[in-house]
Structures are given as structure tokens and as C-alpha cells.
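Whenever a hint applies, use it, and build me the whole structure from the sequences.
Position 39, counted from 1, in the sequence shown is what my numbering calls 66; the numbers after and before it change by one each time, with no gaps.
There's no promise every hint is true.
[Stated by the list, open to error] Okay, derived cross-link-like pairs now, SDA-like style, lysine to any residue, Cα gap no bigger than 20 angstroms in a straight line: (1) K152 x D100; (2) K55 x K152; (3) K127 x D100; (4) K55 x I169; (5) K152 x G73; (6) K152 x D124; (7) K127 x E101.
[To be verified] Pair ranges (Cβ atoms, derived): (8) I56 x G103: 21 to 27 angstroms; (9) G103 x K152: 22 to 28 angstroms; (10) V57 x A154: 19 to 25 angstroms; (11) L153 x E129: 17 to 23 angstroms.
Please keep in mind that the hints were generated in silico from the structure rather than gathered at the bench.
Don't be surprised by glycine CBs; every beta carbon is placed ideally from N, CA and C.
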Amino acid sequence: EPVFKVSDAAKQQQATPSPQGQAPVGPKIVPQVMIERWQFVPQGAGLHGEILIRNYSQGAVTLQRIEMLGLVDELGNHMDQGETYEFVMDLPGRPRDTSKVECRLFFRNDAGDYFMALHQVEFEKLADGTYGVLRIRLLPPIRDV
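So this is what it looks like as C-alpha cells:
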């Protein structure tokens with residue numbers, strides 16, 4: 028004999044399917060999308076950069092926008108779980124100060140929720156007094172926006 032008996036009301040509730048379109052119960056799953064690798068090289072008076080973005084999430088996301096070093100670029104790229112996307116940027120001039128230290132990567136999941144991964148840009152001073160990008164690192168947590 029079982030340790031406890033399931034009441035008739037509980038049996039009926041288990042047998043009744045839940046209504047369609049009901050929001051899932053539990054905490055929201057925040058997708059993990061971030062800059063994984065980067066390479067920046069001086070190019071004339073400007074700066075050429077290649078950034079590798081990876082989707083570490085369990086599901087697909089769509090990259091919306093990147094904001095970095097005064098550049099704002101609309102992306103619109105779909106990324107499945109584990110996929111990477113290479114973003115290439117060319118700036119006409121290298122930074123003359125280190126005031127623009129934030130890189131924002133906006134994306135959304137398939138449910139339509141929007142998120143932002145904030146990264147910190149670290150600089151290295153070049154011989155001509157301008158700055159190059161030394162490092163880009165994620166500042167967790169990923170934000171729900």
C-alpha cells in the first residue's frame with residue numbers, strides 16, 4: 028500500500044491538460060551570448076577589428092545590435108545553440124582617449140525576450156598617443172531589457 032493516497036481532486040487535476048498559451052512557471056532562462064575572441068590592429072589612421080560572438084545558450088537567439096567605440100551596428104543574425112558569428116568593424120580613426128569603455132551586445136531569444144551583454148573594453152596606448160583595444164571582457168550578469 029502507498030505511503031499516502033492521492034485524493035480524487037488531485038487525480039482529476041493531473042488528468043486535465045493545462046491550457047495552451049499559459050506562461051511557463053519558474054525563473055526566466057537568460058541566454059548566455061558573449062564576445063569570445065577579438066583582434067584589433069591599427070589600419071592607417073584607423074582601427075580594424077574582428078570580434079567572435081558565441082551563443083552558449085541552450086536555444087537559438089537573434090543578434091540585434093552592437094554598440095562599441097562610438098559605432099552602432101544593427102546585426103539581425105540568427106544563431107543556433109553553440110554557433111558563432113564574426114563581426115568585422117573598421118573605424119576611420121583610433122580612439123584618442125579611453126572614455127568609451129563599454130561594449131553593449133543586444134540580442135533576443137525565440138520567445139521574443141530582449142537581453143543585453145555588457146562588456147568592458149580595455150585599451151593599450153600606442154606610440155602615436157592613440158589607443159588600441161587590448162581586451163574585451165564580459166561584465167556579468169546578462170541583463171534582461
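inquiry  = For a C-alpha distance cap of 20 angstroms, please report whether K55 and I169 respect it.
reply    = holds (12 angstroms)
request  = Please work out if K152 and D124 have their alpha carbons no farther apart than 20 angstroms.
outcome  = Satisfied, since the Cα-Cα distance of roughly 9 angstroms is no more than 20 angstroms.
Proposed proximity, D100 with K152 (alpha carbon, max 20 angstroms) = Given that 20 angstroms is the threshold and the Cα spacing comes to 26 angstroms, the pair is violated.
key: Consistency of beta-carbon spacing, K152 to G103, with hint 22 to 28 angstroms   = violated (35 angstroms)
message = Can you confirm whether the C-alpha distance between K152 and G73 stays at or below 20 angstroms?
response = holds (14 angstroms)
ask   = Are the Cα atoms of K55 and K152 separated by 20 angstroms or less?
value = violated (41 angstroms)
message = Tell me if the straight-line CA distance from K127 to E101 falls inside 20 angstroms.
response = Measuring from Cα to Cα gives roughly 19 angstroms; hence the hint holds.
key: Cβ distance range 21 to 27 angstroms for I56 and G103, holds or violated   = holds (22 angstroms)
ask   = Are L153 and E129 spaced within 17 to 23 angstroms by their CB atoms?
value = Given range 17 to 23 angstroms: holds, Cβ gap about 21 angstroms.
query = Does the hinted range 19 to 25 angstroms hold for V57 and A154 at CB?
reply = violated (42 angstroms)
request  = For the pair supplied as a hint, K127 and D100, confirm whether the alpha-carbon distance does not exceed 20 angstroms.
outcome  = This hinted pair holds, its Cα atoms lying about 16 angstroms apart.
Figure legend: structure checked against the earlier numbered hints; hints not met, in rising order: 1, 2, 9, 10.
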